[in-house]
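Single-letter residue listing:
2 protein chains.
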Amino acid sequence: MNSTKESIVNIADDLIRRRGYNAFSYNDISKVLAVKNAAIHYHFPTKSDLGVAVIDLHIQKIDHFIKGVAPLSEPEKVEAFLNIYEQIQINKKVCLVGTLATDWDTIDDKIQQKLIVFVNIVGDWLTGVMEEGLKKGSLTFNGDPQTRAMLIITSIMAAAQMAKIMGPASFQSVKNAIINEVNRQ
Amino acid sequence: MNSTKESIVNIADDLIRRRGYNAFSYNDISKVLAVKNAAIHYHFPTKSDLGVAVIDLHIQKIDHFIKGVAPLSEPEKVEAFLNIYEQIQINKKVCLVGTLATDWDTIDDKIQQKLIVFVNIVGDWLTGVMEEGLKKGSLTFNGDPQTRAMLIITSIMAAAQMAKIMGPASFQSVKNAIINEVNRQ
DNA sequence: GTCTATATTCCGATAGAC
DNA sequence: GTCTATCGGAATATAGAC
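Chains as they are written, first to last, in the numbering used here: chain Y, 1 to 185; chain L, 1001 to 1185.
Hints should not be assumed to be uniformly reliable.
[Said to hold, decoys possible] Derived DSBU-like pairs (lysine-lysine); straight-line CA-CA distance at most 35 Å:
1) Y/Lys67 x Y/Lys175
2) L/Lys1175 x Y/Lys67
3) Y/Lys175 x L/Lys1175
[To be verified] Among chain Y residues calculated to face chain L with C-beta under 10 Å, some are:
4) Ala23
5) Trp104
6) Leu115
7) Asn142
8) Ala158
9) Met166
For the record, the hints were derived by calculation from the structure and aren't laboratory data.
Where is the CB? At the ideal position from N, CA and C, for every residue including glycine.
Produce the complete structure using the sequences and hints provided.
What follows is the structure, given as structure tokens:
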């Protein structure tokens, strides 16, 4: 993959998570790159193609993350996962899943299907971490591992959204609460 | 307020929570009502004016909700609050706060300010319920009331978003987990 | 209060030159 | 691989008649 194509995907990712899928245009990208909007259509014929590529980028990144944290303990894995969202919040973005979920009825079927794949990767991994933590006793929590994983994902993703409205403090309190909730005595 | 104006706000509310703020147009509303887009501009000169009116409608509704549940116990209040989101999920919408948060950087300052007011009303009310429940012993939970309130709001709002991607079952498991978390033995 | 008509701008996308 | 030029359509918004 050449550098221009990669740059387009990265800028699109940034724009989608700052402004939403329906509020960014090929022109916005061509303003950032020194490239005309026709050049972007060469790499991604339709906006849906670009949307799918952005999710593919996130799948790559989460795969890399999962491999990277493999040696860590379960509590450390949870914290590392929450730190991804902390970075999102600090950069004043929201997570890809939330912003595409709120635009769900307007996005192409190909984007929808790819997003389902991405959410399953994240959900399955975190469910596995919860199962392992429960077995080893390194994590303590109420309910089954899958529900706890979903509860963590929903809380932290909405916390990043809430921070856009209420500021960073609201994010931090939710993040700390999530950690406390899986380390109960 | 006349009936046409009310209808416009109700349809806009529906469209915003189904398709997102930037994906609905005055034309979409005029298709549903038997009215031309110029007629909508008469009632709401700009799209931002309409956006503010939609949040005002939600402020009215939550005020009415708060008054209605006043006689109930704290656990019943929490459940009634979660049931609002269950209805949102069943109707395949998302909540107003989440969808406007993900479009935050693209919405007018007047809409942003009004949304802050709305979130504070909801947050203050639920914090009060948590405080009261803690004092009476009708609710049991970890952490301070304000954090718990924020945790409930973020979890349930993202659960409605997640249901768009993963289906209704994921919503129900999160809803039940939230209830269990404030009724721990 | 609602209409027709229109201005202006921007969008996603394509054709064809280089 | 990127360009110029342009198409067809849709968006927000306004002017002025009824």
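*Do the alpha carbons of L/Lys1175 and Y/Lys67 lie within 35 Å of each other, as the hint requires?*
holds, 31 Å
*chain L contact restraint for Y/Leu115 - C-beta distance below 10 Å*: Constraint on Y/Leu115 satisfied, holds at 6 Å.
*Given Y/Ala158 was flagged as interface, is its beta-carbon under 10 Å from a beta-carbon of chain L?*
Holds: closest Cβ of chain L sits about 4 Å from Y/Ala158, inside 10 Å.
*Can Y/Ala23 be said to touch chain L, with a Cβ gap under 10 Å?*
holds, 4 Å
*With 10 Å as the cut and Cβ atoms as the points, is Y/Met166 at the interface with chain L?*
Holds - the Cβ of Y/Met166 comes within 10 Å of chain L, reaching about 6 Å at its closest.
*Hint check: is the beta carbon of Y/Asn142 less than 10 Å from a beta carbon of chain L?*
With a minimum Cβ separation of about 6 Å from chain L (threshold 10 Å), the hint on Y/Asn142 holds.
*asked:* Next pair to validate is Y/Lys175 with L/Lys1175; report whether the Cα-Cα distance is within 35 Å.
replied: With a Cα-Cα distance of about 19 Å, the restraint between Y/Lys175 and L/Lys1175 holds, given a limit of 35 Å.
*Does the interface hint hold: is Y/Trp104 within less than 10 Å of chain L, judged Cβ to Cβ?*
holds, 4 Å
*Taken at face value, is the distance from the CA of Y/Lys175 to the CA of Y/Lys67 at most 35 Å?*
With Cα atoms ~23 Å apart, Y/Lys67 and Y/Lys175 stay inside 35 Å; holds.
In the structure shown, no violation is registered for any of the earlier numbered hints.
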